[in-house]
Every structure is written in C-alpha cells, then in structure tokens.
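Peer 1: Take these sequences, add in the hints, and give me the full structure.
Below, each chain spelled out in residue letters.
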Amino acid sequence: MSFSQKMKDFFSKRTTVQKGGGDKALEKQVAMGKLTARDRIMTLLDKDSFHEYDLFVEHKCQDFDMGKKSLAADGVITGTGKISGHPVCIFAQDFTVAGGSLGLMHAKKITKIMDHAMKLGIPLIGINDSGGARIQEGVNSLAGYGEIFYRNTLASGVIPQISVILGPCAGGAVYSPALTDFVFVVDNISKMFITGPEVIKTVLGEEISMEDLGGAKVHTTITGNAHFFAKSEIECFDQIKKLVTFIPWNNRKKADNFPPKLPRASFEIEKIIPADPSQPYDIRNVIKSLSDDSDFFEIQEHWAANIVIGFARMNGITIGVVGNQPLVLAGVLDVDSSDKAARFIRFCDAFNIPLLTLVDLPGYLPGVDQEHAGVIRHGAKLLYAYSEASVPKVTVILRKAYGGGYIAMCSRHLGADFVFAWPTAEIAVMGPEGAANIIFRAEIAGAADPNAMRKQKVAEYTEKFANPYIAAANGHVDAVIAPKETREYVIHAIEISEHKSDPRPRKKHGIPPF
Amino acid sequence: MEDTPDFRKLVIDDTAYQTLHTTKFSKRKAYAPPDPNKILAFIPGIILKIHVTAGQRVKWGDSLLILEAMKMKNDLTTPRDGVIKTIHVQPGQMVTKHQLLVEFE
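Which chain is which? The protein sequence lines are A and B, in order. In terms of my numbering, the first sequence opens at residue 1 and continues consecutively. In terms of my numbering, the second sequence opens at residue 1001 and continues consecutively.
In short, the hints are calculated from the structure, not lab data. Among the hints, erroneous ones may be present.
Per label pair, the in silico range of CB-to-CB distance [to be verified]:
| # | chain 1 | residue 1 | chain 2 | residue 2 | range |
| --- | --- | --- | --- | --- | --- |
| 1 | B | Thr1077 | A | Pro450 | 41 to 49 Å |
| 2 | A | Lys68 | B | Lys1073 | 37 to 45 Å |
| 3 | B | Leu1048 | A | Gly33 | 43 to 51 Å |
| 4 | A | Lys484 | B | Lys1009 | 42 to 50 Å |
| 5 | B | Pro1036 | A | Arg377 | 26 to 34 Å |
| 6 | B | Ala1032 | A | Glu495 | 37 to 45 Å |
| 7 | B | Asp1006 | A | Glu58 | 31 to 39 Å |
| 8 | B | His1098 | A | Glu495 | 49 to 57 Å |
| 9 | B | Lys1029 | A | Met32 | 35 to 43 Å |
| 10 | B | Ala1032 | A | Lys484 | 46 to 54 Å |
Bear in mind that the values here come from a model prediction, so they are computed numbers and not experimental data. Every residue, glycine too, gets a C-beta built ideally from N, C-alpha and C.
Peer 2: Structure representation (structure tokens):
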C-alpha cells in the first residue's frame, strides 16, 4: 500500500469513528436538544486545544452477538485540552454509541484519562450521558464502574474533579459524580437517580416522571447532589469556564492571582443591614461589597439557601466565602446548611483557598424533624471542617453570633486566624429575649407588670451583653472594625497569612462525622 | 429586596425573626407520637397474605401478615397481645412506607 493510500485509509477510518453512532444517531441526539459529545468538548475547551486519545479502542465482548458489533471509540471520547489556558483532562460519554453504555474498555478509557490527570496534576472533567452499564458485558461493566469510583476517591483532594451531567446518569453511574467536587446539571437534560421511575413503579406502585425524580431542579433545590443549575448546555459550559478560574490545578498549587479590582459598586453596608437583628437582608450584597469587581461566584445557590457559599477574589486572591443568609430561615444552621458549608470548607482547605466567614445567625434550627434527621451529626460536620482546615481563616461577625452558632461559624476557638467584629455584633450565649426570660425568670414572674419587667430586663441584657466588646475584652475577637474598614482588614489578614503554617498531628486520616 | 418578598416569622430563643421560609421548612409535618395500636409498614411493598381477621385475639409473636418487599417475604408479627380491630389492607395490595396496615383495639 502506498503512503498516500495509507493516509487516505487513516483519514477515512478516523472520520468514521469520530462520527460516533453515525449521522442518524447524531441527528437524533441534536433533536433531543442536546449537543453531541464531540461538540460538547469543542464548546467547552479552548479552540484547537483538544487532543484525543484512544479513538481506536474497541470492546472485547463476544457474548450476545456482541463480537459482530463495532462500537465507535467504545462510546466515550477522552483527551486533554485547555479551558481559558488551564490544562484539563476530559472525557465525554457518547450517547449515540450504544446509548453511551459503559463496558470494560469504555471504563478503561476513562480510568486511563483519570490516571493521566493525577500524574499531570490537572483537573478532571467528566461529561456523563449514558444509559448505564452495558448489560452484555455483565460483571466486567460493574468492574469498570468500581475502577472509576476508586480513582475518584484517590483523586479527591489531589486534583479538582468536575462532573457534568448531560443526559441520563442512573444506577451505580451516579456515584462517580457524587464522589467528585462539583456537579453541573442542565434543565430538562440531566437525570440522576439510583433507581429509575420504572423500578419505583414496579416495586412501590408510585408513578413519577424522570424529571420529578431526578431532574436538574430536583438535584439543585431538594437533594443538594448538584452544585450548578443551567438552562442550557452553553450556559453550563460558561459556568465551568468561570469555575476553573477560581481553582488551582492541584493541591500543591494555589489558584491563579488576578489583577486586583475594587468592588464595582461602593455599597453602603450601613444601609444594607438593618440595625434590628431580627430584620433580614441579603448577605450576598455584603459579599459583593467586599469582593473584587463585586463578583461572587455562588455555589449551590438554590439548596440550603440559609447559608451562602462560593468563590470571590479580594485584591486578586481567590477566597472561599461562607456566610449565614439572614434572608432565608434567619440564616440558621440546620442539617442541609451544615452539610453544604462543611463540604465546601473541605474543598477550599484541600486546594489552598483561604476562607472568609461572615457571621450573622441566631443559632441552630429547632424542630423534631431536624433532631430526628440527625442535626447533631450533620452540624458536627461544620465544626469538624472548620477545625480541620489549615488554610488562612478569617471571620467577620456582622450582627448576631449566638450560642453554638457562634462557635460553629469559624470562631477563634475552632482556629480562626483573625476574628473581626462590627460594632453591631452581638456575641452572646443567646439572643437578649431568650436570655432575659431565663436569667430573670423569677423577677419577671414576680413583677406587678411582667411584660414591663421583661422589656426592662431584655433592654438591660441587650445593653450589657449584646455587643462585641466582651468577646473583644477576652481576646476572642481580634479587632472591632467599622464595616467600611472590612475589605482592607480582610485583604491584609489574607495577604499576611500567605505562608501560614499550621501543622497538624500526624495521622492516616481523620474520621469526620459523615 | 425592592420587590418586597413574602417575609414570615421564625422564632428562635423567643426572638421572632423576619425571614423567608424554604419549601422544605414549609412542608414540615407536625410530629405525631407513635400509636402502639397501629401497625405500620416499615418498608414499601406488596401484601402477600393476611393471617388474622378483625376481632381475632392474638398473642405476642403471632404472624399478622406477609409483606413482600425487595424480593423478601417479611413476616410481620404482633408486638403485643391484643385484639385486632381493623385490617386496613388486602392481599395483593401495594403499600407505601409507614402506611397503616393493622389496628388493635
């Protein structure tokens, strides 16, 4: 065969395989409102940066007439590329090839690119669009999933792992995304569940649509399994592109510094925050008043909204922000909000991202449902995550910091490096109303006018204890600062902590309460 | 907050906070203490057989019914001596978790 003939063969062969399930199947994929696997990679990655490997991998299954079937690239595209100049390893399951089903070689391609990501120390992005295990390959398919989960776990905290759910992701398959750091979903396209509607109907007689069982809205509002909701795949890719700018390549590096910018709008913090601690406001306005360009990249916006988490930059440095949200459930801690914040804190700690905690909460949410849901164990996750974190930890107490909530929100006692409080801070064992009712119970009950006496005692308590000065007098607060000084204080604290060293007892690993 | 959201009350330690409620919070069910006279399904499944009838006197450990769930035939036995008041299910019926199956007098 001549050289030119070999080249011709090669190009024809490559083009055929790159077409995945073929023109008809690709058309069907597009008709479902989805991009094709290859288009997804091309849209997400920088132009011409994608380099594909293992295109000619073929399955080895001989059972059920599979020997006669050729599956293009075994249903998954793998390679390396760049997002805004940041290198990444990527795989995208191709639904047009046998429904993106996962067989042994399909899994081997994925684990190979995962091993690359680990050795190269760069983030892994997985685009999931698969009907599940390739039944014909039996236990080998299960083995494939197991190998992926194992690598997800080893890679956890070493390289950032991002999962993008752009189709069905059912059964065991959902556990790979669940083990990764950030899960992206798209309305009407993403479906995640352990047992689908069919099984639920057979076993329980309950009828539910895929969307209501495990659609994008469900996982971003009810379960908390996903972190980012988008209306379209394009919007989803834009979110990923933005996320990548905030995180480092791996746990030995820091996130890129950006040119410092002032907050876009100079917010009047005094106007955002009502003086009365029982009145709500949006903590995100405070975050935007502190961050460069007033940019705040919120994570899990629609789930456990009583706590706000996300990335921002201050003087060009990436920071992870955790803030109680007085707008929702008065900013209480509960099962979901503790879980949400704890996981984010551990991500920031693993990837050398300093933490800024903004405190304004009345405590833990009371209720039988919370107690029976195990709020003790879940609440403890937050204490664990903050105590364990050895990145720079800066805490600002804005208004209320009562009781267990005060301790949990990165207090000095859990190892905060710097604790600042505004003059409006109320650092106390509980709110004045509750405290006065307990401390002065006898006096209130015995008074001629109990209501007047209660008011008087509440006022006394407020005057004496609902302030930051007792905590400051004890050194639990490092400085009482004006809201206007906050940005400057936080930036200084983070910059001066750049080479912070906080060695921990040597251990194999801790045992967090999860 | 220009669009004045629908703030509600949330009382913690005697202080009433103005705030938004979440769907999950609004959907909370009031706690009801367990009723020892009511036998509930501990798992969703199908009632295969019923071994008792209304009015029957049963002893601790007697089989009430067989509840098949996840391919297991679960023998539901009575937690105490007593008289069956009502049987709320029929053989072949699908039941959800915590559905009332049998009531004692």
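Peer 1: Could you run down the list of hints and mark each one as holding or not?
Peer 2: Here is how each hint holds up against the structure:
A beta carbon spacing of about 54 Å between B:Thr1077 and A:Pro450 contradicts the range 41 to 49 Å that was offered as a hint. Checked against the hint of 37 to 45 Å, the C-beta distance between A:Lys68 and B:Lys1073 comes to roughly 43 Å, which is consistent with it. For B:Leu1048 and A:Gly33, the hinted distance range of 43 to 51 Å is satisfied, since their beta carbons lie about 44 Å from each other. For the pair A:Lys484 and B:Lys1009, the supplied restraint of 42 to 50 Å is violated, since their beta-carbon distance comes to about 32 Å.
Roughly 28 Å separates the CB atoms of B:Pro1036 and A:Arg377, a value that falls within the hinted 26 to 34 Å. For B:Ala1032 and A:Glu495, the Cβ-Cβ distance of about 56 Å falls outside the hinted range of 37 to 45 Å, so the restraint is violated. Taken as a hint, the range 31 to 39 Å is violated for the pair B:Asp1006 and A:Glu58, whose Cβ atoms sit roughly 59 Å apart. Checking the proposed 49 to 57 Å range against B:His1098 and A:Glu495 shows it holds: the Cβ atoms sit about 56 Å from each other.
Look at B:Lys1029 against A:Met32: about 38 Å separates their beta carbons, and that is inside 35 to 43 Å. Between B:Ala1032 and A:Lys484 the Cβ separation comes to about 52 Å, which falls inside the hinted range of 46 to 54 Å.
Hints 1, 4, 6 and 7, counting from the list given before, are not met by this structure.
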